[in-house]
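Protein chains: 2
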Amino acid sequence: MINRQVVLVVRPHGIPQPRHFEMRSSAVPDLGLGEMMVENVVLSVDPAQRGYVNDEANYVPPVPIGAVMRGLAVGRVHATKNTEFAVGEYLYGWFGWQDYCVCRPDAVLRRVLPAQAPLLAAAGVLGINGLTACLALRQIGKPMSGETVLVTAGAGAVGSVVGQLANLAGCRAVAVVGSEEKGRQCMEEFGFADYVNHRSAWAAKLQLACPNGVDVFFDNVGGELLDSVLRQMNPFGRVVICGTVATSSWVPPPAGLRVEREILTRRLRVEGFVIFDHVSEFDSTAQELATLLNQGKLRVGYDIETELERAPQALAGLFAGQNCGKKLILLRDPQP
Amino acid sequence: MINRQVVLVVRPHGIPQPRHFEMRSSAVPDLGLGEMMVENVVLSVDPAQRGYVNDEANYVPPVPIGAVMRGLAVGRVHATKNTEFAVGEYLYGWFGWQDYCVCRPDAVLRRVLPAQAPLLAAAGVLGINGLTACLALRQIGKPMSGETVLVTAGAGAVGSVVGQLANLAGCRAVAVVGSEEKGRQCMEEFGFADYVNHRSAWAAKLQLACPNGVDVFFDNVGGELLDSVLRQMNPFGRVVICGTVATSSWVPPPAGLRVEREILTRRLRVEGFVIFDHVSEFDSTAQELATLLNQGKLRVGYDIETELERAPQALAGLFAGQNCGKKLILLRDPQP
Numbered sequence: 023m024i025n026r027q028v029v030l031v032v033r034p035h036g037i038p039q040p041r042h043f044e045m046r047s048s049a050v051p052d053l054g055l056g057e058m059m060v061e062n063v064v065l066s067v068d069p070a071q072r073g074y075v076n077d078e079a080n081y082v083p084p085v086p087i088g089a090v091m092r093g094l095a096v097g098r099v100h101a102t103k104n105t106e107f108a109v110g111e112y113l114y115g116w117f118g119w120q121d122y123c124v125c126r127p128d129a130v131l132r133r134v135l136p137a138q139a140p141l142l143a144a145a146g147v148l149g150i151n152g153l154t155a156c157l158a159l160r161q162i163g164k165p166m167s168g169e170t171v172l173v174t175a176g177a178g179a180v181g182s183v184v185g186q187l188a189n190l191a192g193c194r195a196v197a198v199v200g201s202e203e204k205g206r207q208c209m210e211e212f213g214f215a216d217y218v219n220h221r222s223a224w225a226a227k228l229q230l231a232c233p234n235g236v237d238v239f240f241d242n243v244g245g246e247l248l249d250s251v252l253r254q255m256n257p258f259g260r261v262v263i264c265g266t267v268a269t270s271s272w273v274p275p276p277a278g279l280r281v282e283r284e285i286l287t288r289r290l291r292v293e294g295f296v297i298f299d300h301v302s303e304f305d306s307t308a309q310e311l312a313t314l315l316n317q318g319k320l321r322v323g324y325d326i327e328t329e330l331e332r333a334p335q336a337l338a339g340l341f342a343g344q345n346c347g348k349k350l351i352l353l354r355d356p357q358p
Numbered sequence: 023m024i025n026r027q028v029v030l031v032v033r034p035h036g037i038p039q040p041r042h043f044e045m046r047s048s049a050v051p052d053l054g055l056g057e058m059m060v061e062n063v064v065l066s067v068d069p070a071q072r073g074y075v076n077d078e079a080n081y082v083p084p085v086p087i088g089a090v091m092r093g094l095a096v097g098r099v100h101a102t103k104n105t106e107f108a109v110g111e112y113l114y115g116w117f118g119w120q121d122y123c124v125c126r127p128d129a130v131l132r133r134v135l136p137a138q139a140p141l142l143a144a145a146g147v148l149g150i151n152g153l154t155a156c157l158a159l160r161q162i163g164k165p166m167s168g169e170t171v172l173v174t175a176g177a178g179a180v181g182s183v184v185g186q187l188a189n190l191a192g193c194r195a196v197a198v199v200g201s202e203e204k205g206r207q208c209m210e211e212f213g214f215a216d217y218v219n220h221r222s223a224w225a226a227k228l229q230l231a232c233p234n235g236v237d238v239f240f241d242n243v244g245g246e247l248l249d250s251v252l253r254q255m256n257p258f259g260r261v262v263i264c265g266t267v268a269t270s271s272w273v274p275p276p277a278g279l280r281v282e283r284e285i286l287t288r289r290l291r292v293e294g295f296v297i298f299d300h301v302s303e304f305d306s307t308a309q310e311l312a313t314l315l316n317q318g319k320l321r322v323g324y325d326i327e328t329e330l331e332r333a334p335q336a337l338a339g340l341f342a343g344q345n346c347g348k349k350l351i352l353l354r355d356p357q358p
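Those protein sequence lines, which keep their order, are chains A and R. Our numbering puts the first residue of the first sequence at 23, with every later residue one more than the last. Our numbering puts the first residue of the second sequence at 23, with every later residue one more than the last.
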């Protein structure tokens with residue numbers, strides 16, 4: 023059985039591009055005791071993957087040169103030599119950019135229940151994106167009814183869920199986006215009250231869109247927008263640091279405006295969130311999100327490609343704002 | 023009755039200097055209904071007073087030009103036309119840089135109990151300095167036994183208490199100071215395990231002094247030290263933003279290294295602390311600190327002047343690191 027893999031061949035500085043990867047094919051190895059073979063159905067393309075290939079301090083060591091690209095996917099157990107997972111089960115985990123993954127149960131983040139929601143949802147809104155939105159908003163953002171919640175990358179896989187959950191919590195949700203089209207989508211589909219296009223003169227618009235200041239800033243991008251929003255936060259505001267896509271490289275460390283006086287005088291709480299610290303909460307939170315999804319209270323946008331070899335371009339495109347909704351690479355029929 | 027006052031006459035940009043103030047004398051006005059006259063005994067000189075005179079957004083509006091300098095003091099009720107406080111009582115509150123303050127009860131932060139501790143302590147370790155150290159360390163720093171607590175301005179009125187409380191909590195307390203003399207004082211008097219002199223090559227020393235990284239960073243200074251320490255924080259570390267004395271002016275906003283990637287990948291919590299949000303906890307916390315003081319578990323350093331007209335120079339000196347211990351202006355015999 024032949025396995026196609028997207029392999030990291032050059033270590034990128036900054037944003038990974040297609041030239042840093044290569045397609046390779048090889049036979050799927052025989053299973054050892056305790057291992058299983060997962061057939062990937064849909065690959066998740068996530069900004070966090072930039073950090074997995076850069077040679078910079080991160081919460082995980084970087085993907086070695088010559089190794090298959092690290093990535094999350096929903097797959098189906100095709101063969102197994104462990105007792106934990108049965109053939110035919112759908113799983114969400116670290117199965118990488120390839121057709122088949124030979125792995126142990128520790129690669130699995132969550133068992134996917136096809137009856138719970140469509141399989142595509144398992145790779146997005148019930149995967150790290152929706153889970154991040156829900157848990158980071160709840161645990162760090164702590165939005166209260168009537169507050170203003172500002173979300174960068176508001177049309178993205180995380181931001182669009184944050185906006186809807188903030189809206190459901192009785193907050194004024196405001197999106198920061200990279201195009202008018204995404205802004206309209208945020209208002210029409212995701213329940214945002216207003217949006218700011220960061221590619222136009224956004225500073226004045228930001229004040230107009232948040233007339234009562236900002237109580238919760240859910241930031242997926244960082245950079246100058248973060249500098250600016252910190253200066254519009256209300257006292258006791260909460261800032262969720264969830265992503266840094268606005269900064270293309272961290273070597274050498276880029277400069278920005280000093281933040282400590284804003285944090286002090288406004289008594290802000292600024293906190294980083296990495297979803298993989300919260301695996302024990304995945305199943306219950308995914309069930310909450312699935313319920314909202316099935317009740318029609320949560321809308322999800324997908325941006326789907328179908329070719330494995332397009333994955334590197336899809337990743338680079340995230341940092342250029344080219345995707346519209348959750349970026350997925352669908353490798354085979356998602357219906358079980 | 024003649025009242026000498028230190029009046030703000032020029033609005034400073036950056037650190038206030040003696041030229042921004044003037045001594046004036048006038049008769050103490052008659053008391054209106056509900057007012058009282060407090061005779062100041064000891065004035066507290068605090069870095070926060072810089073923010074009270076600068077024309078920059080802060081948690082309180084700036085002192086108007088021509089007004090007496092805002093400041094905390096311990097004073098004694100000399101006459102009263104309110105029923106809340108009796109003549110002879112000692113109080114801690116916003117009595118300003120002057121001999122006598124005519125005020126209402128809302129100027130009072132806490133009733134001083136002479137039996138609880140020496141009167142000087144009421145203006146420092148039982149005043150905003152010790153209260154800040156205790157409450158910010160407990161509520162934001164949340165130190166756990168075995169952790170490393172790094173404190174800037176470690177020999178100062180706040181930092182020296184933080185170090186001792188961290189030590190009592192079973193932590194490794196490390197001070198950042200501006201001189202070898204202060205460093206030795208931190209180790210010999212305040213229970214710090216080690217110190218870093220920020221006027222010498224401190225980056226390497228910082229790593230040596232914190233071999234297990236930094237779990238809690240109690241920062242009273244900000245600036246480049248903050249940039250550097252953020253890059254040595256352990257995962258899930260807590261950063262108390264308590265002061266910004268390292269930056270002499272915030273107009274125009276100074277630049278520093280971007281912090282969002284450190285906060286994200288290390289999952290830091292960075293939070294600002296302003297003691298005046300916690301007035302309801304003052305009495306119980308001051309009692310805790312008084313108990314430690316009376317048990318000999320808490321040592322306090324004072325740096326005392328006795329001339330009202332020296333107050334502006336004393337304030338400027340805080341930012342040059344000239345004080346050694348809590349800076350006070352003692353106007354009359356502290357013993358009741």
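Hints are computed from structural coordinates only; laboratory data are not their basis. Among the hints, erroneous ones may be present.
Copies of the same chain look alike in the list, so a pair counts if it works inside one copy or between any two.
Stated by the list, open to error - As a list, the in silico DMTMM-like pairs of lysine to aspartate or glutamate whose alpha-carbon atoms are at most 25 Å apart:
{"hint": "1", "residue 1": "Lys227", "residue 2": "Glu78"}
{"hint": "2", "residue 1": "Lys227", "residue 2": "Glu57"}
{"hint": "3", "residue 1": "Lys103", "residue 2": "Glu202"}
{"hint": "4", "residue 1": "Lys164", "residue 2": "Asp299"}
{"hint": "5", "residue 1": "Lys227", "residue 2": "Glu329"}
{"hint": "6", "residue 1": "Lys164", "residue 2": "Glu327"}
{"hint": "7", "residue 1": "Lys319", "residue 2": "Asp77"}
{"hint": "8", "residue 1": "Lys164", "residue 2": "Glu111"}
{"hint": "9", "residue 1": "Lys103", "residue 2": "Glu211"}
{"hint": "10", "residue 1": "Lys164", "residue 2": "Glu303"}
{"hint": "11", "residue 1": "Lys227", "residue 2": "Glu331"}
{"hint": "12", "residue 1": "Lys164", "residue 2": "Glu202"}
{"hint": "13", "residue 1": "Lys164", "residue 2": "Glu61"}
{"hint": "14", "residue 1": "Lys227", "residue 2": "Glu210"}
{"hint": "15", "residue 1": "Lys319", "residue 2": "Asp52"}
{"hint": "16", "residue 1": "Lys319", "residue 2": "Glu61"}
{"hint": "17", "residue 1": "Lys164", "residue 2": "Asp216"}
Alpha-carbon proximity between Lys227 and Glu78, which holds within one copy, between copies, both or neither at 25 Å: Between copies only: 23 Å across, 35 Å inside.
Intra- versus inter-copy proximity for Glu202 and Lys103 (alpha-carbon distance at most 25 Å): For Lys103 and Glu202, neither the intra-copy (51 Å) nor the inter-copy (64 Å) Cα distance is at most 25 Å.
Alpha-carbon proximity context of Lys227 and Glu57, limit 25 Å: neither (54 Å within a copy, 47 Å between copies)
Intra- versus inter-copy proximity for Glu61 and Lys164 (alpha-carbon distance at most 25 Å): neither (39 Å within a copy, 45 Å between copies)
Intra- versus inter-subunit Cα pairing at 25 Å for Lys227 with Glu210: within (19 Å within a copy, 55 Å between copies)
Intra- versus inter-subunit Cα pairing at 25 Å for Lys164 with Glu327: Cα proximity of Lys164 and Glu327: none, with 35 Å in one copy and 47 Å across.
Within, between, both or neither: Lys319, Asp77 at alpha-carbon 25 Å: Answer is neither; intra-copy 41 Å and inter-copy 47 Å both fail.
Status of Asp299 relative to Lys164 across identical chains (alpha carbons, at most 25 Å): both (18 Å within a copy, 19 Å between copies)
Identical-chain pair category, Lys103 with Glu211, by Cα at 25 Å: neither (45 Å within a copy, 63 Å between copies)
Same-copy or cross-copy closeness of Lys164 to Glu202 [CA-CA at most 25 Å]: Answer is neither; intra-copy 29 Å and inter-copy 44 Å both fail.
Status of Glu331 relative to Lys227 across identical chains (alpha carbons, at most 25 Å): neither (40 Å within a copy, 49 Å between copies)
Alpha-carbon proximity context of Lys164 and Glu303, limit 25 Å: Both: 17 Å inside a copy, 24 Å across copies.
Hints 2, 3, 5, 6, 7, 8, 9, 11, 12, 13, 15 and 16 from the earlier list are contradicted by this structure; the remaining hints agree with it.
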